[in-house]
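Given chain A's structure and the hints, the job is docking chain B onto it.
Residue numbers (my numbering), protein chains in the order written: chain A, 4 to 423; chain B, 4 to 423.
Please keep in mind that the hints were generated in silico from the structure rather than gathered at the bench.
Identical copies carry no separate label here, and so any pair may be met within one copy or between two of them.
With a Cα cut of at most 27 Å, we get these calculated BS3-like pairs of lysine-lysine:
hint, residue 1, residue 2
1, Lys65, Lys7
2, Lys228, Lys211
3, Lys311, Lys405
4, Lys417, Lys7
5, Lys85, Lys286
6, Lys6, Lys410
7, Lys87, Lys355
8, Lys46, Lys292
9, Lys211, Lys410
10, Lys46, Lys87
11, Lys239, Lys46
12, Lys365, Lys87
13, Lys410, Lys239
14, Lys405, Lys211
15, Lys239, Lys85
16, Lys46, Lys211
17, Lys211, Lys62
All figures in this text were calculated on a predicted structure; none of them were measured in a lab.
There are 2 protein chains.
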Amino acid sequence: MSKKNILYAQSGGVTPVINATACGVIETARQNRQRIGKVLAGKDGIIGILNEQLIDTSKERKADIAALRHTPGGAFGSCRYKLKSIEESRAEYERLIEVFRAHNVGYFFYNGGGDSADTAYKVSRIGDTLGFPVQCIGIPKTIDNDLPITDNCPGFGSVAKYVAVSIMEASMDVASMASSSTKVFILEVMGRHAGWIAAAGGLAQREKGDPPHIILFPEVPLDEKAFLAKVDRAVKNRGYCSIVVSEGLKDKQGRFLADTGTRDAFGHAQLGGVAPVVAGLVKSHLGYKYHWAVSDYLQRSARHVAAKTDVEQAYAVGVAAVQFALAGKSGVMPIIERTSDQPYRWRVGEAKLSAVANREKKMPRKFISADGFGITAAARRYLGPLIRGEDYPPYDRHGLPKYVILKNQTVATKLPPFSN
Amino acid sequence: MSKKNILYAQSGGVTPVINATACGVIETARQNRQRIGKVLAGKDGIIGILNEQLIDTSKERKADIAALRHTPGGAFGSCRYKLKSIEESRAEYERLIEVFRAHNVGYFFYNGGGDSADTAYKVSRIGDTLGFPVQCIGIPKTIDNDLPITDNCPGFGSVAKYVAVSIMEASMDVASMASSSTKVFILEVMGRHAGWIAAAGGLAQREKGDPPHIILFPEVPLDEKAFLAKVDRAVKNRGYCSIVVSEGLKDKQGRFLADTGTRDAFGHAQLGGVAPVVAGLVKSHLGYKYHWAVSDYLQRSARHVAAKTDVEQAYAVGVAAVQFALAGKSGVMPIIERTSDQPYRWRVGEAKLSAVANREKKMPRKFISADGFGITAAARRYLGPLIRGEDYPPYDRHGLPKYVILKNQTVATKLPPFSN
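Next comes chain A alone, as it looks inside the complex (with noise of 0.2 Å):
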């Protein structure tokens, strides 16, 4: 056969703009149509490739695929499903291959984290042993920023943007009130394992003093003495106290505060917050009238405020994955190279799968300043460019975006279905 075709899939959480990536590969293969065959996408990410559910993108406008570009959610469909060893699960890489082979896919776009990359990298090994090589990209996107290598990932700078904007209005609010009203307001953000999100709340304070004025991040168990007392003082010098705390914070025991004590009705643990729970300590020691928020889904699906340079780099991944596939590479990712912070910027670069899969990128210590509840100078260095720029989805008359949903429509299938 000659022209082969791409099978685009995305996978894990989503972000405001992991479509602008899948935008971006579907545009470049649209503009190759000589060399690449159709760019196919699996249906909920990788289960629906091993269900042999593969979306034909070709039957999707022009329009609607350029509409991408500033629609978030998955459009394919995305899922959390990570496949094993290839000795545990060999069944499903076959399977995978299988699918491969029958509908005529020569590129593999795996566009996630880490494990994506991993799982990536895996395919592309097995494939030349199946005896049906296949070209395999792993494309970045994650907002937890934790892939090695790359300066940053795509959907990270639209959340961070999300979390300093939001604590910025949120907190100026809160200072309207304060002299008669709520005294302490706690933004509770994304980010279990690493603090990225919750230090991009710091760049809403542009001189000492302003909101936030405390960051809690998963990084620094939390110092309940040196917490509350930075509360009150906050609250003593500036009449109010503005919090971003991450859902990942811990005790000193190494628990996870959410996991602490919060009962439902019903006596379900697990059901709230970090926020309310931190709330509650400035509540019982301090007894400030506090409000709280819980940013959840919001600050990763909100296109409506994603950050310029964040699409523009989600974009441009995808358009290098498609030139990647068209000089023969495999087992490679298109990632994010800073080469210049004043004036900020960037090109697309490089790396071996291998290098990215499994490895995770912790937030350097020296992001956090001294007293663990705040970010440092370097911080705002690293985090400042990817928060810049605004890049509007269009609105309809209604007042609502033009957020784009596809038609999915999916190929014939042609093999039985996969049990395993």
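Just chain B now, kept in the frame of chain A:
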């Protein structure tokens, strides 16, 4: 004395656009320098007036006053403080008049909800009695949308837009992942007594079956069985269920659900919001994986996604207050009159404060669907125009909104301290 000063004060919970009203007042007063003195502003609302803490807005640069139009929070501070009846709090009313007299205040503008209209009304009556007549004008503001006579309240439209956009975005996220992950998402929004804000979430639903699939109103006591059946149906038919719940949701005994059992690590009630309680119901009866968000202050400070209609109306009622003052009016409030649904047209009208004071506008039952879990076409007709149009704040080169913080210099005091 010839030209009298305006004394403007913000009251109660702030909104994303209350400063647009302040902007309308100050810019219009400055255009009428030949007839109006300064615009003074109560620091932290009426508490600042009682304490003779009056901000001199003439010290602010023109560009900073203009920036109020796109700045959330309450630029001069606000407070929750309700004056009692004249009989009970005569000293306070007398103090207000004393402050007015000392600072040559001929016009008192009180920007708030029903309580503030009541206060402005009472002050308008006592001025004559105490020999210092002052023109009192209420200016509507409340995200609760519960003022009578006016078609809607400045502040509500932007919160409505935030909620509609947010539930649309989060639902796209959930839809992408539902096959292998979260199946039920719950967004808690404000509205303790009326479901206006929750109803706005329904605007995200463009076609039957679109999210949000369920809205839980404070007006409709929770029918657990019907609710759970509807959640289950949505998950079975659509793959997931997206829910907007009002913080004021009650059970059949009339108790707030948020009150009925949530306990923090210290055994304190009422830390949790209602969203985790509803999540607990879903989990314990249906077993679905859930996520929940509590938008809290984010929703009422999110100027970054304000509705253009709302910003324009907030500004217009500020302009109208000055025009009313110049026309010699007192005891009145500018209101929004809807002159046409389609196309939506509005103008500023006038209502008597006596008619507005202490009367709450409930959401009509005909806005809630027969099953109690959604909104009707009538609700869409009313709500739709209020979220229309975008009005972005300018952003700086760091990627953050350019919100202004005023100098807020107070004028020299002339009176002995107030002790009540």
